[in-house]
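J.: Residue strings, one per chain:
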Amino acid sequence: MSIAPVPKMEARGLRIGFYNERIKRQLNVLDGIDLSVAEGELVCIVGPSGCGKSTFLGAIDGLTRINGGQVLIDGKVVTKPGPDRAMVFQHDSLFPWRTVLQNVVYGIELQGRVGKAEMRERGMDLIDLVGLKGFEDHFPHELSGGMRQRVNIARALAPDPELLLLDEPFAALDAQTREFMQVELLKILSRAKKTALFITHQIDEAIFLSNRVAVFSARPARVKEIVAIDLPKERTLALKHQQNFRDLQEHIWRLIEEESARTGLVTAG
Amino acid sequence: MSATIDTATQTAEAEESFAGPRVSFLARHESTIVGTASVIAFLFFWEYAVHAKWVNALFTSSPLRIIVAGADMVKEGTIWQDLATSGLEFGLGYGMAVAIGVPLGILMGWYKRLNSVLEPFVNALYATPRIALLPLIVIWFGIDLGSKVAIVFLSTVFPILVNTMVGIRTIDRDFVKVARSFGASDRQLFLTVALPSSVPFLLTGLRLGLGHALIGIVVGEMYGATSGIGYMMAVAGSTFQTDRVMVGIIIIAASGMIMTHMLKLIEQRFEKWRVDSRG
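Chains as they are written, first to last, in the working numbering: chain A, 1 to 269; chain B, 1001 to 1279.
Please keep in mind that the hints were generated in silico from the structure rather than gathered at the bench.
Note that the Cβ used here is the ideal one computed from N, Cα and C, for glycine as well.
Heads up, some of the hints might be wrong.
[Said to hold, decoys possible] Over 12 angstroms on every C-beta distance to chain B, these chain A residues come out as not near it, computed from the model:
no., residue
1, Leu27
2, Ala117
3, Gln202
[Stated by the list, open to error] The list that follows gives simulated cross-link-like pairs (lysine-lysine, BS3-like), each with its CA atoms no further than 25 angstroms apart:
no., chain 1, residue 1, chain 2, residue 2
4, A, Lys133, A, Lys193
5, A, Lys80, A, Lys194
6, B, Lys1177, A, Lys80
7, B, Lys1177, A, Lys76
8, B, Lys1112, B, Lys1053
9, B, Lys1112, A, Lys194
10, A, Lys193, A, Lys76
11, A, Lys240, A, Lys194
12, A, Lys193, A, Lys80
[Said to hold, decoys possible] Derived CB-CB ranges, DEER-like:
no., chain 1, residue 1, chain 2, residue 2, range
13, A, Leu27, B, Asp1174, 15 to 25 angstroms
14, B, Val1176, A, Asp34, 22 to 32 angstroms
15, B, Gln1268, A, Asp34, 51 to 61 angstroms
Based on the provided sequences and hints, a complete structural model is requested.
T.: Below is the structure:
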């Protein structure tokens, strides 16, 4: 894991606040986030519930307005969604009126730069990549939860983004499917050679997937600690039972617990 | 990360889509068979009740008498004229309602300001039984085709318009986020998300409009007309030709059922979207 001179993604002092109508007060969500992700790296973000992880991801994607700081992709400031970033949402949100293939090529279709035949070819390649060959003409309601998330990932990869933003993509899956999807995701990302930022509530998922884990503090969120994950590059499910994996898990759990205790979500014991 | 694990998940996931146990023909069509039998039994009972003089056929008619009356009307040829008149009124009124209600509903759903301008009128007219406007419509359009087309149009246009509008307005916010995240413009958001996701609502509007249209035709023709199924029923009713009134009822009921069924078939194709749009 070598840090390139210009990181793929860099957040500098990112601040976001919303005006809350009910309490008639500005509510700070992000309080100066500094985080950079190197090319080809997978960084996971964990933190106490409601700390603003999703808001952060929305800001990187350009969907959420920021109040201060900057988001840089390849050293250039971004303010709105662009083809260099793609979001994978928690709910797969596949368009139910489109087939798998039509869903996958949605992003390319919007750009309107390539012809039908090329679009189809690219779509089929991606469907193959996520292991859904033969399902291209199925509708989303005919697929299982795991398969739908695969389509969702393929859809995000279609416009060939530099940075993949994943917002708890496996949260709605059952435990078993989730584990297989973690392995699958790593395979897909390494084959597609993508950089990724991944939000999760599950500490073991974060450790298993990433090169580094960024722990956010309670709201207003800052980066509390960045934990380097020194596990073999080739990740297998067996790793989850090793001692160093458990140590990392406990360390990160402590950090989150401290933060939760600070806001009174959990009593420190 | 072995290949075996991979294939295992794949098959497990695939299996879900090939469900469907085999059931015998009788079991599958049980409700249809029982339903048909009960209708046949009722018709026999009705006919028998008339023959046994339990009831007076002048008031109740009977299945055989209705068939004979229907055959007579075909022989006389007046029935075709009536059917053509009512059919034309329905086609024109309903067609205009779709042609105006759907685009206007889309525009009102999409543009908040246009909605604010038109909403009071739409709400007031939607809440009023349009049949109440008949005297006014006859003053404006006379007792010919025009007044019936107008009443069918007014009966139908509001359910279609309102449902289309609701469909456009209640787009799933997650879909909007996805589209925006892919950099969709307003126009693209409309064409790729708002329009397709409102199709089931639109079809509901079309189906509701159908019922209103039939009421409009029958009442409109009974109120004042020179031909049509409703007119025929009104004339037959005031001359105590119960059998002919029954023929009219059957024609109206059958056309309503057939058209509703056709729309249901189309709706079923899109229904899956609504039910399973979430994992």
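J.: None of the hints should be skipped; say for each whether it holds.
T.: Hint check results:
1. Leu27: For Leu27/A, whose nearest Cβ neighbour in chain B is about 20 angstroms away, the distance exceeds 12 angstroms, so it holds.
2. Ala117: Correct as stated: the minimum Cβ-Cβ distance to chain B is 20 angstroms, above 12 angstroms.
3. Gln202: 18 angstroms, holds
4. Lys133/A with Lys193/A: 20 angstroms, holds
5. Lys80/A with Lys194/A: The given pair, whose Cα atoms are some 20 angstroms apart, holds under the 25 angstroms limit.
6. Lys1177/B with Lys80/A: 13 angstroms, holds
7. Lys1177/B with Lys76/A: 24 angstroms, holds
8. Lys1112/B with Lys1053/B: Roughly 65 angstroms separates the two Cα atoms, so the pair is violated.
9. Lys1112/B with Lys194/A: Violated, at about 41 angstroms.
10. Lys193/A with Lys76/A: Since the Cα atoms of Lys193/A and Lys76/A sit roughly 21 angstroms apart, the hinted pair holds (cutoff 25 angstroms).
11. Lys240/A with Lys194/A: 24 angstroms, holds
12. Lys193/A with Lys80/A: 24 angstroms, holds
13. Leu27/A with Asp1174/B: 15 to 25 angstroms: 23 angstroms, holds
14. Val1176/B with Asp34/A: 22 to 32 angstroms: Holds: the Cβ-Cβ distance is about 31 angstroms, inside 22 to 32 angstroms.
15. Gln1268/B with Asp34/A: 51 to 61 angstroms: 54 angstroms, holds
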